[in-house]
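Q: Residue numbers (the working numbering), protein chains in the order written: chain V, 1 to 603; chain L, 1 to 603.
Note that these hints are calculated values from the structure, not bench results. Treat the hints with care, as some may be off.
Calculated cross-link-like contacts (lysine-lysine; reagent style DSS-like; alpha-carbon spacing at most 30 Å) [what the hints assert, rightly or not]:
hint, chain 1, residue 1, chain 2, residue 2
1, V, Lys380, V, Lys121
2, L, Lys23, V, Lys33
3, L, Lys23, L, Lys113
4, V, Lys121, V, Lys33
5, L, Lys219, V, Lys23
6, L, Lys23, V, Lys565
Pair by pair, the computed Cβ-Cβ distance ranges are [said to hold, decoys possible]:
hint, chain 1, residue 1, chain 2, residue 2, range
7, V, Glu223, L, Ser554, 47 to 57 Å
8, L, Asp520, V, Gln423, 51 to 61 Å
9, L, Gly492, V, Val29, 44 to 54 Å
10, V, Val29, L, Ala517, 21 to 31 Å
11, L, Gln423, V, Asp568, 32 to 42 Å
12, V, Glu19, L, Gly416, 50 to 60 Å
13, L, Lys407, V, Ala201, 22 to 32 Å
14, V, Ile16, L, Gly416, 35 to 45 Å
15, L, Ile186, V, Ile16, 51 to 61 Å
16, V, Val29, L, His463, 14 to 24 Å
17, L, Gln423, V, Ile16, 18 to 28 Å
Which residues of chain V face chain L? A few of them, derived with a C-beta cut under 10 Å, are [claimed, not checked]:
hint, residue
18, Ser26
19, Glu30
20, Val62
21, Ser317
22, Met318
23, Asp415
24, Gln418
25, Gly481
26, Leu485
27, Ser559
28, Lys565
29, Glu574
30, Lys578
31, Ile586
32, Thr588
Using N, Cα and C, we set each Cβ at its ideal position, and we do this for glycine too.
Protein chains: 2
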Amino acid sequence: MGIPAVILPFIPSREILVEYARKVSSLAVEAQKCNVQLWVRVHLNEDALSDFVLFHRLCDGVPNVGILLMMDPMPTMQTPAASVANQIIILHKAIGANLKAISFPTKVFLTNKRGYPTLAKSHQLLFTEALKRIGRTIRILLEGVSVHNPVPPSASNANGNGNGAGEANATGATKCLPYLQYLRHIRERPEVKAALDSEEAILERAYLDSLQRPLQPLKDHLEFSMYETFEKDPVKYTRYQEAIFMALSDGLGPMKDLNSTVVAPRRVVIAVVGAGRGPLVMRCIRAFQQLQSPPGSVSLKVLAVEKNPSAAVYLRSMRQHHPEWANVVTVVEGDARKLSPIMIENCVVDIVVSELLGSFGDNELSPECLDPFLLGPCCKPTTISIPMQYTSFLAPISSVRLHTEAKTQAQIPHDGAQSLGLQRAMETSYVVRTHAASQSHAEQPCWVFNHPLRVHTKERAAHLEFAPDPTFAAAAGCGYGGVDLGVAAIVGQAPSPSTGPITIHGLVGSFTAILYARGDAVVDISIAPHRFSKDMFSWFPIYFPFHQPLHVPSQSNVSVSMWRKTQDDRVWYEWYAKVHRKGEVIETTSIHNVNGRSSYVSM
Amino acid sequence: MGIPAVILPFIPSREILVEYARKVSSLAVEAQKCNVQLWVRVHLNEDALSDFVLFHRLCDGVPNVGILLMMDPMPTMQTPAASVANQIIILHKAIGANLKAISFPTKVFLTNKRGYPTLAKSHQLLFTEALKRIGRTIRILLEGVSVHNPVPPSASNANGNGNGAGEANATGATKCLPYLQYLRHIRERPEVKAALDSEEAILERAYLDSLQRPLQPLKDHLEFSMYETFEKDPVKYTRYQEAIFMALSDGLGPMKDLNSTVVAPRRVVIAVVGAGRGPLVMRCIRAFQQLQSPPGSVSLKVLAVEKNPSAAVYLRSMRQHHPEWANVVTVVEGDARKLSPIMIENCVVDIVVSELLGSFGDNELSPECLDPFLLGPCCKPTTISIPMQYTSFLAPISSVRLHTEAKTQAQIPHDGAQSLGLQRAMETSYVVRTHAASQSHAEQPCWVFNHPLRVHTKERAAHLEFAPDPTFAAAAGCGYGGVDLGVAAIVGQAPSPSTGPITIHGLVGSFTAILYARGDAVVDISIAPHRFSKDMFSWFPIYFPFHQPLHVPSQSNVSVSMWRKTQDDRVWYEWYAKVHRKGEVIETTSIHNVNGRSSYVSM
C-alpha cells in the first residue's frame with residue numbers, strides 16, 4: 001500500500017517493556033515481509049532512549065523497528081544552553097540506535113510577534129544538527145492541531161492574535177502550512193544546505209552506510225573509473241605536491257653545495273610507486289618546476305612504477321603525448337617489491353612517492369609494498385619516502401544500521417559457495433561512508449608505520465582503553481569528517497556528565513599520514529576526525545563489526561585490542577573488545593578473525 | 001596420531017590473558033582440523049575458574065578448548081568442611097564451563113601408615129562427586145614423580161619409610177601403580193558404581209548431551225520401539241495404577257450408595273486417551289481388580305482411544321488374545337479431540353487416563369488434546385482426568401557442551417533446505433539427557449495446567465526472577481535427577497557465599513504432574529530435581545538454548561520470561577533472559593522464537 005511506516009506508542013514502564021517487545025517483535029516479523037517500518041515514539045531524554053535501546057535488544061536489533069524521536073518542550077529547569085547540550089548528546093546516541101524520524105508536535109512551537117510559529121533557539125540548534133547529520137535519510141513529521149493563527153501578509157501591521165483555541169478543530173493543509181514553511185526555512189539555512197546539498201553530499205548519497213570490501217590492490221588491478229574518481233580529490237594531490245616540493249628543497253640544498261664544485265648537472269630521481277594513471281607523476285613535475293634552482297643545474301627523472309598493465313599503457317601514452325613528461329618520465333611496468341637496479345636504468349632513487357594507503361592506513365599493505373623497495377638495491381639509506389609515516393586510529397562506534405548491513409553480507413555469494421556465511425561476514429572489515437552511526441569515544445592511535453623502516457616485523461598489536469566520555473564524542477559525529485567544533489562547544493556545556501548505557505556495534509578505523517615533515521613544518525593528510533583534511537574524499541572510514549552488539553552500561557570502560565598479523569602471503573587483522581567497570585569484566589566479545597580465518601589481504 | 005589432547009599452561013595474569021586467548025584461539029582452529037582437544041590447566045579456585053570462563057569467551061567458546069582441573073592441596077586456612085564445600089561449588093561450575101579432565105599431582109596425596117598414597121577426606125569427597133557427575137566422559141590424569149614408598153605386602157608389618165626424596169628421579173609404571181590403584185579404588189566405591197555402572201547409566205551413555213527434537217505426537221505417529229522403551233519405566237505405570245485405584249475408590253463410594261437401592265449392576269467407564277500399545281489399559285484393569293467392591297456389582301469398561309493405526313491393530317490383537325481384556329476393553333481408533341458419543345458406544349466417561357505429557361509438561365500438547373475431549377459430549381462435569389494437574393519448571397543452565405550441540409544443529413538438513421540455519425537451531429527446544437551441564441539456580445514453577453479446564457486460553461506467560469544462589473544450585477547437578485542431599489548438606493557449609501561470575505547457555509525445563517490427589521494424599525510424578533521421581537526414566541529434561549551465552553557477573557539477578565503461545569494449528573514457546581543488578585540492566589538476550597518463526601508444535 002506504499003505505507004512507509006507504522007507509528008507505535010511510547011515504550012511502557014520497565015515492568016511491561018518485555019511484553020511490549022514481544023508484541024512488536026512479532027509484528028516486526030510480519031512487517032518485514034511487506035517492507036513496512038515500525039517507528040516507536042521515543043521522548044528526547046536519556047531514560048527514554050535507554051529504554052528504547054533495551055527494548056530493541058529484546059527485539060534482536062531488528063532493522064525495521066526504529067525511533068520516532070519526539071521533539072519535547074525543552075526542560076524549563078535548565079538553562080537553554082545546558083538543555084540543548086544534553087539533547088544534542090541524546091540525538092547523537094539516537095542516530096546510532098536506529099533513528100528513523102523526528103516529530104514536531106505543534107505545541108512545541110513558540111509564537112512570534114506576527115503570530116507565526118517559530119522554534120526556540122535551542123530547538124533550532126537541535127533540528128539543524130539533526131538535519132546536518134542525517135537530513136539525507138531521515139523523515140520529519142509535524143503532528144497535532146494548529147495552535148497558531150498567523151496574520152496574513154496583507155494584514156501584517158495588525159497585531160496577531162495567537163493561540164486561538166477555537167481554531168483547534170480546524171483541519172489540515174492550510175493550517176499546517178506556516179509550520180511546514182518554518183521547518184523548510186530551517187532546512188534551507190546555509191549550514192544545512194552545505195551539509196546536504198553540496199556536490200560531494202549528493203555524490204555520496206549512494207555510498208551512505210553501504211559496505212564495500214576493502215580494495216586488494218596487490219591482488220587485483222584497479223579499474224579505470226576508480227583511478228578517475230580518486231584523481232578528482234581536490235586536497236590529496238595538492239598536499240602531495242607540497243610534500244614533494246619540501247622534500248626536493250631539502251634534498252637540493254646539500255646537493256647544490258655539492259654541485260657548486262663540479263660542473264656536471266645533478267639529477268634528482270623520484271620513483272612513483274603505484275603510479276596508476278599518473279597524477280603523482282604530474283605532481284612531481286609541478287613541484288620540481290616550483291623549485292628556485294637554476295634551470296639546467298639540476299634535472300628531474302621520474303620513474304613511474306606500475307604493475308597494472310593497462311595503467312602502464314596509459315602512462316606510456318601520457319609520456320608520448322605530454323611534452324612535460326617526454327624527457328623526464330620513465331615508465332617501469334612491474335611490481336615495486338621485485339625491481340632490480342637494471343630495470344630502472346641503474347638509477348638510485350632519491351625520493352619514493354606512493355599513495356598506497358587504505359582507510360586504516362596500512363590495510364592496503366603499504367608497508368609490505370614499500371619496504372622491499374626502500375630497503376632494496378634501488379634505494380640508498382637516505383632515500384626519502386612520501387609518506388614518511390602513518391598512524392592507524394580506532395574508536396568504538398554505535399550503529400544499528402552498520403551492524404545490520406554487515407549481517408546482510410552473510411547472504412552474499414562467495415568464492416563459489418552459496419553464501420559468505422555469518423562468521424565470515426562479521427569478521428571482515430568494510431570501507432564505508434558511515435552515516436547512521438555515532439562514534440562514541442574520541443579515536444585513539446593504534447600503531448605507527450615509518451618509512452624507511454629498519455625493523456623487520458610488520459606485525460602490530462594495540463590495546464586501547466576508552467574511558468566513558470560524558471559527551472559520547474557527539475562532536476565526532478558519524479566517525480567521518482572533522483570534529484564539529486560548534487557541537488563540541490555546545491556539548492561541553494552539558495551540566496552533568498551524561499551517563500546512561502550505550503550499545504556499540506563495532507569499531508571505526510581511520511588514519512593520519514605525514515607525507516613529509518621538516519621540524520614543525522608538516523604536510524599531512526588525515527581522515528581521523530580530530531584532524532580531518534577538509535574536502536578530501538579519497539578515503540571513507542573502515543568498519544570492523546562485532547559479532548554481537550556490545551552493551552556498555554553507564555560509567556564503564558571499553559578495552560579494545562587490535563592485532564595486525566602477517567604470514568607468508570597474507571596480512572589480516574584480529575580484534576576484540578571488553579566492557580569493564582571497577583575491575584569487573586561485564587561483557588566481552590570473542591576475538592574476531594582468529595588466524596585470518598574469515599578475511600585477509602593477499603600480498 | 002591418536003593424541004586426544006594437548007595440555008596448555010595455566011592462564012597468565014589478566015594483563016596478558018587476551019594475548020594468550022589469541023594464541024590459543026589460533027591454535028584451536030588448527031587443532032579442530034585434526035580433532036585434537038586443548039586442555040588448559042585451571043586451579044581449583046574461584047578466580048582461576050573465572051579467568052578460564054573469560055578466556056573461553058574470548059575464544060568464542062570453541063568446544064575443543066576445555067579445562068584440565070588441577071587438584072590442588074586443600075587450603076589450610078579453612079576447615080576441611082568449608083574448603084570442600086567451596087571446591088564442590090567450583091567443580092559444579094567447571095562442569096558447565098567445559099571440564100574435560102582432572103589431574104592429580106602426586107604431591108596432593110597423603111601417606112598412610114603403611115606408606116601408601118591416600119587422599120584427604122575432602123579430596124575423596126570431591127573426587128567421588130566428580131566421578132558421579134561426569135565419570136562417564138571425563139579423563140583422570142596422574143602427574144608428577146612418585147613421592148611415596150609403600151611397603152610391599154610381604155613386609156607389611158615393617159614401618160613404611162615415606163616421602164623418599166631419593167626416589168624422585170625413578171621413573172614410571174611401577175612407581176605410579178600405588179596411586180592408580182588408589183584412584184581406581186575410589187572409582188569402585190558403591191556410590192560411584194551405582195552412578196556410573198547401573199543398567200540405566202550404561203543405557204543412557206548414548207544419550208548424554210545428545211539433543212533430540214521433541215516428539216510431535218499429534219503430527220507424527222510414534223514408532224513401535226519407542227512404545228516398547230517407554231513401557232519399561234518401572235515407576236511411571238506403578239504411579240498411574242495407584243492414581244487410578246484412588247480415583248476408582250473415590251468414585252465408587254457414592255456409586256455404591258446409589259446402587260444399594262437398585263439391582264442393576266453399575267459400570268465404571270475409563271477412557272485411555274493415547275493408549276499406544278496398552279500399558280495404561282492394563283493398569284486400569286489391575287487397579288480395578290484391586291478394588292474391594294463386591295464382584296458383579298460394578299463392572300469396568302475401558303475405552304482404548306488411539307489415533308495411530310498400527311498401535312490400534314496391536315490393541316485389537318491384545319483384546320482378542322488377552323483374557324482380562326476380552327469383555328472389558330473397546331478399542332476406539334480415532335483422534336480423542338474429535339470423538340462423538342456414538343463412536344464410544346454412547347458411554348459417558350467417568351475417568352480419562354492419559355500420558356500425553358512431555359519433558360516440559362504441556363509441550364506435547366496435552367492441554368490441546370485433553371480439553372476438547374474432557375469438555376466435549378463424551379464426558380460429564382464430574383469426569384476425572386488423570387493427570388489432574390501439571391506444572392512446568394525452569395532454571396538457567398550453564399553448559400558449553402549443550403550450547404555447542406545446539407549450534408551444531410544449524411548444519412542439519414531441514415525441510416528440504418540445505419541446513420536448519422543458526423537462528424532456527426538456537427530457537428528450538430531440545431529433549432536431552434543433560435550431563436556436562438550445571439543448573440545454576442533452583443528451578444522455579446512456570447505455569448500450571450488443570451484438567452478439566454474451564455478457562456478457554458491455553459496461552460501462558462511466566463516471568464521468573466532468579467536471585468544469586470550462593471551454592472550455584474550445586475546440589476541440582478546437571479538439571480536431571482533428584483537434588484543430591486549429600487551435596488546439599490556439604491555446600492550448605494560454604495563459609496561465605498560464592499560470588500564470581502557465571503555464564504549461562506540457556507534454560508532447562510522440567511515438570512511435575514499430580515496424577516491424582518485426595519486431600520493430602522497425592523500421587524505424582526516429577527522430573528524437576530527438587531522432587532524427582534527416582535528411577536523414572538521416561539522423560540529427559542528440555543533445553544531452551546540462548547543465541548549467545550549470557551554472562552552473569554557476581555551478585556546479579558537473572559530474569560527469565562517464557563511464553564506459551566497458541567494459534568490455529570500450532571503451539572510454540574518464546575523465551576528471553578535478562579541480567580540485572582541493583583536496578584541496572586547489564587545484559588539481555590533477544591526474545592527467542594518470536595511468532596514461532598523457528599520452532600513450534602503442530603496440533
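Q: Could one say that the CB atoms of Gly492 (chain L) and Val29 (chain V) fall in the range 44 to 54 Å?
A: Given about 47 Å between the Cβ atoms, the range holds.
Q: Given Ser317 (chain V) was flagged as interface, is its beta-carbon under 10 Å from a beta-carbon of chain L?
A: Violated, because the Cβ-Cβ distance from Ser317 (chain V) to chain L comes to roughly 48 Å (cut-off 10 Å).
Q: Given Lys578 (chain V) as an interface hint, is its Cβ closer than 10 Å to any Cβ of chain L?
A: Hint holds; Lys578 (chain V) Cβ to chain L Cβ min 8 Å, cut 10 Å.
Q: Using 10 Å as the Cβ threshold, decide whether Glu30 (chain V) counts as touching chain L.
A: holds, 8 Å
Q: Check the following: the C-beta atoms of Lys407 (chain L) and Ala201 (chain V) are separated by a distance inside 22 to 32 Å.
A: At roughly 44 Å between Cβ atoms, Ala201 (chain V) and Lys407 (chain L) fall outside 22 to 32 Å, so the hint is violated.
Q: Answer holds if the nearest beta-carbon of chain L is closer than 10 Å to that of Val62 (chain V); otherwise answer violated.
A: holds, 9 Å
Q: Verify the proposed pairing of Lys23 (chain L) with Lys565 (chain V), using a straight-line Cα cut of 30 Å.
A: holds, 12 Å
Q: Please verify that hint: Ser559 (chain V), Cβ, nearest Cβ of chain L, below 10 Å or not.
A: holds, 8 Å
Q: Taking the CB of Glu223 (chain V) and the CB of Ser554 (chain L), does the distance hold inside 47 to 57 Å?
A: Given a distance of about 56 Å, which is inside 47 to 57 Å, the answer is holds.
Q: Measuring from beta carbon to beta carbon, are Asp520 (chain L) and Gln423 (chain V) in 51 to 61 Å?
A: holds, 57 Å
Q: Holds or violated: the hint that Leu485 (chain V) contacts chain L, with Cβ atoms closer than 10 Å.
A: With Cβ-Cβ at 34 Å, over 10 Å, it is violated.
Q: Please verify whether Lys23 (chain L) and Lys33 (chain V) have alpha carbons no more than 30 Å apart.
A: Measuring from Cα to Cα gives roughly 44 Å; hence the hint is violated.
Figure legend: structure checked against the earlier numbered hints; hints not met, in rising order: 1, 2, 3, 4, 10, 12, 13, 21, 22, 23, 25 and 26.
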